[in-house]
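One line per chain: the protein sequences are A and B, in this order.
Each residue of the first sequence is one higher than the one before, counting from 1 in the numbering used here.
Each residue of the second sequence is one higher than the one before, counting from 1 in the numbering used here.
It should be emphasised that the hints constitute simulated quantities derived from the structure, not laboratory data.
The C-beta atom is built at its ideal place from N, Cα and C for all residues, glycine as well.
A couple of the hints might just be wrong.
[Stated by the list, open to error] Okay, the calculated bits of chain B under chain A, using three or more residues with CB under 8 angstroms as the criterion:
#1 66-76
#2 89-102
#3 110-124
[Said to hold, decoys possible] Partial chain A-side listing against chain B, Cβ under 10 angstroms, derived:
#4 Tyr-127
#5 Ser-151
#6 Val-202
#7 Glu-227
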Amino acid sequence: MERNVCIIGGGMSHWGVRQASARDMFQEAGKACFNDIPGLSNKDVDGLIVASAFTERSCFQTHLAPLVAEYLGIKPKNICARVELLCASGSSGIILAYGLIKSGIADVVMITGGEKLFTPQKWEVFYSELGTGDHDWDGSQGLGLPPPFFSMVAQRHMKLYGTTEEQLAMVSVKNRRNGLNNPKGQFQKAITLEEALNAKHVVAPLKLFDCCPVTDGASAVILACEEKAKEYTDKPLVYIKGVGQATVNNMSANMPSMTTWEALKIAGNQAYSKAGVKPSDIDVAQTHDCFTISEIIESEDLGFCEKGEGGLFVQEGRSDYGGDVAINTDGGLLSCGHPFGGTGIRQGIEIMKQLRGDAARQVEGARTGLTHNLSGLSAAHTVLVYGRDI
Amino acid sequence: MEGISILNGKYAVSMDMYPLQDKNYNMVYKFYDNLKEGRFTTTKCTDCGARSFPPRIICPECLSENMEWVDLPSEGTVLVVAEQEAGVPLGFQAPLIHAHVDLGGELTYLGRVQNCKAGELKEGDKVKLVVIPIEPVPADGKKGAVIQHERVFFVFEKVK
Numbered sequence: 001m002e003r004n005v006c007i008i009g010g011g012m013s014h015w016g017v018r019q020a021s022a023r024d025m026f027q028e029a030g031k032a033c034f035n036d037i038p039g040l041s042n043k044d045v046d047g048l049i050v051a052s053a054f055t056e057r058s059c060f061q062t063h064l065a066p067l068v069a070e071y072l073g074i075k076p077k078n079i080c081a082r083v084e085l086l087c088a089s090g091s092s093g094i095i096l097a098y099g100l101i102k103s104g105i106a107d108v109v110m111i112t113g114g115e116k117l118f119t120p121q122k123w124e125v126f127y128s129e130l131g132t133g134d135h136d137w138d139g140s141q142g143l144g145l146p147p148p149f150f151s152m153v154a155q156r157h158m159k160l161y162g163t164t165e166e167q168l169a170m171v172s173v174k175n176r177r178n179g180l181n182n183p184k185g186q187f188q189k190a191i192t193l194e195e196a197l198n199a200k201h202v203v204a205p206l207k208l209f210d211c212c213p214v215t216d217g218a219s220a221v222i223l224a225c226e227e228k229a230k231e232y233t234d235k236p237l238v239y240i241k242g243v244g245q246a247t248v249n250n251m252s253a254n255m256p257s258m259t260t261w262e263a264l265k266i267a268g269n270q271a272y273s274k275a276g277v278k279p280s281d282i283d284v285a286q287t288h289d290c291f292t293i294s295e296i297i298e299s300e301d302l303g304f305c306e307k308g309e310g311g312l313f314v315q316e317g318r319s320d321y322g323g324d325v326a327i328n329t330d331g332g333l334l335s336c337g338h339p340f341g342g343t344g345i346r347q348g349i350e351i352m353k354q355l356r357g358d359a360a361r362q363v364e365g366a367r368t369g370l371t372h373n374l375s376g377l378s379a380a381h382t383v384l385v386y387g388r389d390i
Numbered sequence: 001m002e003g004i005s006i007l008n009g010k011y012a013v014s015m016d017m018y019p020l021q022d023k024n025y026n027m028v029y030k031f032y033d034n035l036k037e038g039r040f041t042t043t044k045c046t047d048c049g050a051r052s053f054p055p056r057i058i059c060p061e062c063l064s065e066n067m068e069w070v071d072l073p074s075e076g077t078v079l080v081v082a083e084q085e086a087g088v089p090l091g092f093q094a095p096l097i098h099a100h101v102d103l104g105g106e107l108t109y110l111g112r113v114q115n116c117k118a119g120e121l122k123e124g125d126k127v128k129l130v131v132i133p134i135e136p137v138p139a140d141g142k143k144g145a146v147i148q149h150e151r152v153f154f155v156f157e158k159v160k
């Protein structure tokens, strides 16, 4: 019989330019997660999934999950493995743990994800990015670092739908302001619209604050079957209600559209239908704002607004506190930063807190939440719906 | 003293931004052989007719192994341009120009445009594919010999 699955706790290391190794940060994230669940000990965890994309490239470390288990004092008996889907590695780990618990293979699983991206020489991480698309066909064209691709996406969206540079900047102003809610994020500084619009170009029309930074960091959550969740925590239970993960192309030659993300629509529809909810039921969402244009397209293709109206959606405050759906309430990638494997887990932590009612800045009465990751050159999309009601 | 100097002069495939093209390392080496002759090609399934890019050994539509090599257009039209002036990856010069190019309605992809100044390339411009030499791969031969596997790659240039 299928079981209900709850997210019962989470925590993260400080994110940013860290004087710390990956294993240091996995320890910090694990400790912060255990601190969130006083009734549970590391000995109660029966499965561990570690999400990390660049572990071999920036740490020279394969076979990562047993290493993290050893450092966190976890002795898994049902699963102990790493999962990789670049920027969506973390939410992939949550989906896999959800399936294992739902089906009865495991009861209490930690998912921890993170990256050490700042290495002694700056060129290395940028060079390694050439392997993140299709290395032989896109990477060899100098595509890997995402700004050129997302610049084209922004230009096309602006031309097709009239989206403006001001609307792009409004996403970063909102998310930098929301970032003040997460003391462990990379940035703790709000910006003005003028600062965003006057910042130097990265790849026009994208400017400095339109792009998420390079980040060191880790995060961790624990999922449990409902029965164990009730045993280990007195906090309100938050369920995973539905999930979807889709890809329709990898190499740029096979991309159906630059401005409508088909894989996102598929993943979103899967998650909504399994959860039995509609886009209008979502009270709070963490979407993958690797660039400001990304959040604008995501609010369209997740069904929060009509196609082409993503710019207006942020301009009219509909994605802010008090709007239709508060998006990136802890600052998103633009403010918290983006240690690839850590991001989907950070998103899950914020949604869990919002639905429990103990977020730093609360969306009043939130009962249903959503997380979304994109990965590669928008080549795969991952959506999870969480809720207080199952 | 011991350390990373052991790597001096070594080739590591994990640090090579270009593909291994020699027939010892892949089964679509004919793409690169054709490219050396100035032909931009890909595979087409002789059973279902589906044409794939990148080239394949098995048709992703019908899973047939019966593939033939066909020529693709080598001139195209620019749909959108991205110009990167700062922070380009090691191995590329600024400005790093990319374009989403439509090759005669048969194929679109994101390609690098060489010998192009910032501001020079616009939507609607014509570009053509050119073949450029790439450093060879030094592979282990017999009895300590080093075999150099020659390589080429393809980039766009603006048609002036």
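Q | Restraint outcome when Val-202 (chain A) is required to lie within 10 angstroms of chain B by C-beta distance | A | For Val-202 (chain A), the interface hint holds, since the closest Cβ of chain B sits about 7 angstroms away, which is under 10 angstroms.
Q: Hold the hint about Tyr-127 (chain A) up to the distance rule: shortest CB distance to chain B must be less than 10 angstroms.
A: holds (5 angstroms)
Q. Counting residues of the stretch 110-124 of chain B whose CB is closer than 8 angstroms to a CB in chain A, do you get three or more?
A. Check passed, 3 qualifying residues.
**Q.** Coverage claim, chain A over the stretch 89-102 of chain B, checked by counting residues with Cβ within 8 angstroms (three needed)
**A.** As far as the stretch 89-102 of chain B goes, the hint holds, because 7 residues have Cβ atoms under 8 angstroms from chain A.
Q.
Taking 8 angstroms as the Cβ threshold, is the statement that the stretch 66-76 of chain B is covered by chain A upheld or broken by the three-residue rule?
A. Violated: only 0 residues of the stretch 66-76 of chain B have a Cβ under 8 angstroms from chain A.
Q.
Please check whether Ser-151 (chain A) passes as an interface residue: C-beta within 10 angstroms of a C-beta belonging to chain B.
A. Ser-151 (chain A) check passes; min Cβ-Cβ to chain B is 4 angstroms, inside 10 angstroms.
**Q.** chain B contact restraint on Glu-227 (chain A) - CB to CB distance below 10 angstroms
**A.** With a minimum Cβ separation of about 44 angstroms from chain B (threshold 10 angstroms), the hint on Glu-227 (chain A) is violated.
In summary, the numbered hints that this structure violates are 1 and 7.
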